[in-house]
Amino acid sequence: DVKVTQSSRYLVKRTGEKVFLECVQDMDHENMFWYRQDPGLGLRLIYFSYDVKMKEKGDIPEGYSVSREKKERFSLILESASTNQTSMYLCASREFNQPQHFGDGTRLSIL
Amino acid sequence: GEDVEQSLFLSVREGDSSVINCTYTDSSSTYLYWYKQEPGAGLQLLTYIFSNMDMKQDQRLTVLLNKKDKHLSLRIADTQTGDSAIYFCAESSGNQFYFGTGTSLTVIP
Chain A
1 DVKVTQSSRY LVKRTGEKVF LECVQDMDHE NMFWYRQDPG LGLRLIYFSY
51 DVKMKEKGDI PEGYSVSREK KERFSLILES ASTNQTSMYL CASREFNQPQ
101 HFGDGTRLSI L
Chain B
112 GEDVEQSLFL SVREGDSSVI NCTYTDSSST YLYWYKQEPG AGLQLLTYIF
162 SNMDMKQDQR LTVLLNKKDK HLSLRIADTQ TGDSAIYFCA ESSGNQFYFG
212 TGTSLTVIP
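Chains as they are written, first to last, in the numbering used here: chain A, 1 to 111; chain B, 112 to 220.
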């Protein structure tokens, strides 16, 4: 079974902090994704990556950056956290033309 | 991007069948998927169907695809309280992947 592991289930940070959300997958998948999920808005794609050191902006990249130094790890970075970034963050991975597999999510609160 | 639409809410009685509907716009979709999300958790892949299939059955789940109308449905037979969750429809074509906004299913005991 595919395993996608997000480093934290719950995280509380303060406005202005730099925040790192980590995601690791164990199936050697090429593609990895970061989404945020807010009530009534569904899943919105922040960034995705097709390969190591490669990244593409999704629909809402503002205020975020990503890092993919190794194939199995995809990190989401909030450069200077703001209260409107309080959300549920979901990481996923997939192989080409296969389903996406999701982690358990990180519920992030910015105070 | 492409549109994937679902109704927001559905309520059914325990033991009845549930039918969750989805429409999409991408005529080049290769695969269509159903995911389940329980409260506070990530999305769990339930089932998926290749675009040249009309139907797929897996225990209590039946997926129907009408490619001409771009309509996908998920039927859950004998719905149980443990089926209460948000169900997401998704479609993919190559590297593109689009999700619906999710249907919240409530099962009434």
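Don't take each hint at face value.
Unchecked claim - In the DSS-like style, the derived pairs of lysine-lysine whose C-alpha atoms are separated by at most 27 Å in a straight line are: (1) Lys147/B to Lys181/B; (2) Lys3/A to Lys181/B; (3) Lys3/A to Lys71/A; (4) Lys57/A to Lys147/B; (5) Lys53/A to Lys18/A; (6) Lys55/A to Lys70/A; (7) Lys3/A to Lys147/B; (8) Lys55/A to Lys18/A; (9) Lys181/B to Lys167/B.
Stated by the list, open to error - What follows is a set of in silico ranges between Cβ atoms, one per label pair, in the way DEER data are often shown: (10) Glu79/A to Ser215/B: 32 to 38 Å; (11) Val130/B to Gly63/A: 35 to 41 Å; (12) Pro39/A to Gly193/B: 21 to 27 Å.
FYI, nobody ran anything at the bench for these hints, they're computed from the structure. Built from N, CA and C at the ideal position, the CB exists for glycine as well.
Cross-check of the supplied hints:
1. Lys147/B to Lys181/B: 21 Å, holds
2. Lys3/A to Lys181/B: Violated - the C-alpha atoms of Lys181/B and Lys3/A are around 32 Å apart, more than 27 Å.
3. Lys3/A to Lys71/A: This hinted pair holds, its Cα atoms lying about 14 Å apart.
4. Lys57/A to Lys147/B: Judged against 27 Å, a Cα distance of about 26 Å means the pair holds.
5. Lys53/A to Lys18/A: 21 Å, holds
6. Lys55/A to Lys70/A: Given pair Lys55/A, Lys70/A holds - Cα atoms ~12 Å apart, limit 27 Å.
7. Lys3/A to Lys147/B: Roughly 17 Å between the alpha carbons, so the hint for Lys3/A and Lys147/B holds.
8. Lys55/A to Lys18/A: 20 Å, holds
9. Lys181/B to Lys167/B: 16 Å, holds
10. Glu79/A to Ser215/B: 32 to 38 Å: 33 Å, holds
11. Val130/B to Gly63/A: 35 to 41 Å: 39 Å, holds
12. Pro39/A to Gly193/B: 21 to 27 Å: 22 Å, holds
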